[in-house]
Amino acid sequence: MTGYWFLDHLWLVPLLPFIGFIVTGLFLGSSARRTSAWTAIAAVGLSAVCGWGAAFEYFSEFNGEALVTFEFPWIEFSSSLTGNAGILADRISILLVLVVTTISFLIHVYSQGYMHGDRGYRRFFAFMNLFTFSMLGLVLSSSILEIFVFWELVGLSSFLLIGFYWERPAAVAACKKAFIVTRFADLGFLIGLLVLSYHAGSFDFRELNSPDTINHLAGITAPFFGCSILTLSALLVFAGAAGKSAMFPLHIWLPDAMEGPTPVSALIHAATMVVAGVYLVARLFPMFSATTAGIDLVMWTGAFTCLFAALIAITQVDIKRVLAFSTLSQIGYMMLALGVASMDESLGYTASMFHLTTHACFKALLFLCAGSVIHAVHSNDVRDMGGLRKKMPITHFTFLIACLAIAGVPPLSGFFSKDEILAAALHSGEYAVFAIAATAAGLTAFYMFRIYLLTFWNAPQDKQRYDQAHESPLSMTFPLVVLAVPSALLGIVPFSDFVHISELEHHATNWMVVGVSTTLGLCGIALAFLFYFKPNQWPARFAFAFSGIYKLVFRKFYIDELYIFITHKIIFRSISRPLNWFDRHIIDGFMDLTAQSARRLGAWLRKTATGGAQVYLLWSIAGAGVTMLALHILGAGIVVVALSGVGAAAVTVFIFQFTLQLLNKSEPLKRIEID
Amino acid sequence: MNSPGLEHYLIFAALLFCIGLYGIVTRRNLIGMLMSVEIILNAAALNFVAFHRFKFGGDVAGAMFPLFIIAIAAAEAAVALAIILALFRRKRNLDVLSDNLLKN
Amino acid sequence: METLIFYTTAFFILAAAGYVVTTMNIFRAAIGLTGVLAGIAGLYLLMNAQFLSAVQITVYVGGIMVLIVFAILLMPEASMHLRRENPKWFRFIGGVSAALVFAVLAYSITAFIGAQDAAGTSLEPAAASIREIGLALLSPGGNGFVLPFEFVSVVLIAALIGATTIAKRTPNPETKEEQE
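Protein chains in written order, with my numbering: chain A, 17 to 691; chain B, 15 to 118; chain C, 280 to 459.
Calculated directly from the structure, the hints in this document are not laboratory data.
The beta carbon of each residue, even a glycine, is placed where N, CA and C say it ideally should be.
One thing to keep in mind: the hints can contain errors.
Claimed, not checked - Below, a sample of chain A positions facing chain C; criterion: calculated Cβ distance under 7 Å:
#	residue
1	L634
2	I637
3	A638
4	G641
5	M644
6	L645
What the hints assert, rightly or not - With a straight-line cut-off of 27 Å between C-alpha atoms, the simulated DSSO-like cross-links for lysine-lysine are:
#	chain 1	residue 1	chain 2	residue 2
7	B	K105	C	K447
8	A	K550	A	K192
9	A	K550	A	K407
10	C	K367	B	K105
11	A	K406	A	K550
Unchecked claim - Computed list of chain A residues with no C-beta within reach of chain C, every gap over 12 Å:
#	residue
12	F86
13	F195
14	D312
15	K479
Assemble the whole structure, with the sequences as input and the hints as a guide.
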């Protein structure tokens with residue numbers, strides 16, 4: 017209890033969208049389209065109000081304390097290990113609440129126009145509310161067990177929304193892919209959290225992040241390559257984080273996830289859910305920073321994904337896929353920033369959170385603009401667009417702002433956050449990482465302006481589509497304009513005053529970093545103008561000149577093919593098939609055998625059961641006579657003899673059946689005929 | 015030939031019992047089976063009396079049980095014959111195997 | 280003399296019993312059964328159980344046998360001739376089983392009597408008088424049989440009512456259909 021209304025009632029923030037989900041999902045008929053939309057929007061809007069209220073109270077009154085404003089014991093594993101569920105308010109959770117509620121609200125408003133006329137209108141809003149609830153629960157979780165539950169819930173809602181157009185096979189395949197890949201990664205998370213909590217004796221984040229616990233964990237050696245429990249659990253938890261944040265090599269699901277509706281891509285696969293991995297690492301940052309292997313893995317995974325995804329983004333022609341690879345690249349930045357940070361020099365941590373926030377704004381904006389364009393021309397392919405700036409002035413203008421922001425042009429928000437990351441990388445002495453990040457920054461500017469120019473400048477490629485194009489309705493352009501404001505201006509906010517993990521640091525502006533990043537960004541933009549401003553032969557020539565590399569990059573470095581090779585050729589063929597054979601012939605065979613034996617025995621015995629009472633009587637008397645005689649003459653030995661006889665008969669039947677089974681002569685038991 | 019003792023009566027009763035058993039098993043006529051049952055009951059009652067007479071003369075129970083057996087046999091015969099009669103009305107024969115009674 | 284009577288009676292009873300279970304005429308089987316029951320009454324007499332002998336004659340020969348003969352006469356076409364017999368293998372197994380049981384019983388009896396004789400626990404022959412039986416039958420307590428006596432009366436009543444109910448000619452729809 018803090019005595020502040022919004023903080024005390026912070027549980028309202030996730031609860032309101034949940035109520036919205038229940039109401040729209042269960043209580044409204046599918047004909048109540050407007051009502052469902054407005055219910056969903058109102059739920060998220062109220063939640064955003066509560067979130068902002070709590071943020072004002074928190075940052076004005078409690079600077080940096082981790083408050084648990086609501087808690088109850090949830091699962092008691094043993095007297096010493098209890099899983100609590102609660103609401104944790106600290107710097108990053110409040111920050112994420114602001115990001116999630118605000119962007120979710122704007123995207124809900126946008127969806128109201130974008131999804132207009134869709135059959136699954138109500139279902140869409142119900143799922144969106146479910147997602148918002150799950151994501152808010154995730155960021156406000158006070159224990160690692162609780163976060164895991166919400167982690168799976170966001171995975172579920174992501175699955176539902178990617179597969180929203182379930183009539184399309186591609187969407188179905190994409191949602192399955194996303195679910196399986198992230199689920200696979202979550203297995204690591206689950207094992208990691210169990211190992212961690214078991215040894216730490218607690219699920220609570222405050223407990224897990226305390227120096228005592230970390231030292232204790234670092235002192236225990238795990239029976240696994242000789243590393244400590246701390247390192248082991250950090251690596252496992254990071255596997256989950258990498259899956260959710262689509263880090264290489266688990267990135268394959270994110271580009272395909274673009275099969276979902278565009279607002280979903282904007283909310284889930286750009287602004288919020290995919291940064292959950294970053295959030296989780298930040299949440300456990302003291303733990304990660306205490307293990308060199310863990311933090312290095314975070315850094316190199318981030319750096320590699322950052323560059324790798326940026327390269328792929330250059331070649332793609334689907335506007336949403338370019339944005340998806342751009343998202344990968346930007347999340348790589350955030351991971352990288354966390355990786356270069358430490359508890360002593362926490363600039364990277366702040367930078368990561370800062371970039372998360374600015375990225376959420378401008379990437380959501382980019383997606384919404386892309387959605388607006390797609391809405392207008394009914395195509396995802398940039399080769400179908402071109403010259404749309406006159407047709408769609410608001411979309412064009414906001415898209416330009418977002419592009420400038422992501423390209424890191426001063427003084428827009430992306431410039432500040434990206435500079436902070438680069439400065440942090442340089443500061444930490446990881447020059448290779450700095451070089452990668454700077455290169456990726458240049459590439460980012462290039463590919464973003466490539467699609468910008470192809471979409472809004474250049475020459476109209478498809479006359480019919482061009483003529484049909486029109487500006488989107490107010491409900492769609494309003495969120496664009498609103499989002500353009502923070503995309504442009506968020507950099508001015510003294511972010512590090514709000515979010516930092518150890519002592520507040522103020523670095524003098526590193527002009528070298530500013531110079532390098534700005535120069536690279538402008539070079540990228542200039543190159544893009546050269547190639548794509550007017551229709552010309554340059555891109556095709558380059559693609560031809562470097563056709564080998566181009567093809568490699570265009571096919572996304574054949575990672576998907578590699579996965580298919582591994583799953584189909586290696587896992588299916590050499591593991592699943594023998595297992596399948598074993599299952600069919602040995603396990604099932606054994607069961608069929610038992611059933612068949614019983615059935616045959618029964619069929620044979622059935623002949624004796626004529627229903628004639630006298631026959632039964634005869635056999636019982638004969639049996640009694642034989643038994644009495646046997647007992648008299650042979651004593652107890654008869655029991656052994658009789659059992660051996662019965663056993664031998666049973667074994668014979670069994671072997672006979674088994675042979676039949678292996679020769680596939682005996683049909684599997686399908687039905688039992690009763691006449 | 016020495017005077018008949020317990021074992022004579024017992025073996026005789028056993029023989030009678032087995033004849034009854036054979037009758038129960040082989041007779042297809044229900045009344046025939048009932049008569050075989052009566053033979054078996056008499057063999058059992060005879061055993062009681064023999065034991066009472068030759069072994070446990072002080073105990074009156076040996077003389078009591080045949081009485082009860084006879085009473086129960088009377089009741090049994092009455093009920094069985096009633097059932098047989100009812101069955102006969104329905105099926106017009108008393109063959110145990112002709113219509114498998116326990117089937118269906 | 281007693282020995283002679285025993286063996287004669289026993290032989291007569293066994294012959295009659297054999298006739299009962301083998302004859303193809305059910306009425307003759309009933310006559311044979313009467314012989315068996317009467318013979319057994321004779322054996323009771325030989326064992327000094329006069330009361331039981333009398334009961335055997337009155338209840339069995341006078342009651343149950345009459346009932347059976349009545350039943351046979353009530354359904355003549357079904358019972359006078361046992362036209363169909365069980366198959367030979369059936370009778371063979373039945374005979375072997377019965378012989379087996381008898382062999383085992385005889386063996387046990389001999390072994391039992393032998394053991395009793397060796398232990399020397401044989402008692403003097405004795406038989407309960409009618410007076411003793413009557414007193415025991417109606418006296419409560421440890422040696423009394425009044426409770427089973429009353430139970431038997433209840434069982435008899437139940438059997439009486441049951442038999443009447445079952446044998447009563449009820450309007451049976453199935454039978455009517457068959458007859459029509």
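For each hint, the structure was consulted:
Here the hint on L634/A is kept, as its CB sits about 6 Å from the closest CB of chain C, short of 7 Å. Annotation: I637/A was flagged as interfacial toward chain C, and the flag holds, the nearest CB pair being 5 Å apart, inside 7 Å. Against a cut-off of 7 Å between C-beta atoms, the interface hint on A638/A holds, since the closest Cβ of chain C lies about 4 Å away. Below 7 Å, beta-carbon pairs count as interface contacts, and G641/A has one with chain C at about 4 Å; its hint therefore holds.
With a least beta-carbon distance of about 4 Å to chain C, the hint placing M644/A at the interface is held under the 7 Å criterion. The restraint placing L645/A at the interface with chain C holds, with a minimum CB-CB distance near 5 Å, inside the 7 Å limit. Taken as a hint, the K105/B and K447/C pair is honoured in the structure, with Cα atoms around 16 Å apart against an allowance of 27 Å. At most 27 Å may separate the alpha-carbon atoms for a hinted pair to count; K550/A and K192/A exceed this at roughly 40 Å.
About 18 Å separates the Cα atoms of K550/A and K407/A, which keeps this hinted pair within 27 Å; it holds. Taken as a hint, the K367/C and K105/B pair is honoured in the structure, with Cα atoms around 26 Å apart against an allowance of 27 Å. The hinted pair formed by K406/A and K550/A meets the criterion: a straight-line CA distance of about 16 Å does not exceed 27 Å. Distance check on F86/A: its Cβ is at least 74 Å (rounded) from any Cβ of chain C, clearing the 12 Å threshold; non-interface status holds.
Residue-level check passed: F195/A sits 65 Å from the nearest beta carbon of chain C, beyond 12 Å. At the 12 Å boundary, the C-beta of D312/A stays outside the reach of chain C, the nearest C-beta of that chain being 87 Å off. Non-interface call for K479/A relative to chain C: holds, since the shortest CB-CB distance, roughly 88 Å, exceeds 12 Å.
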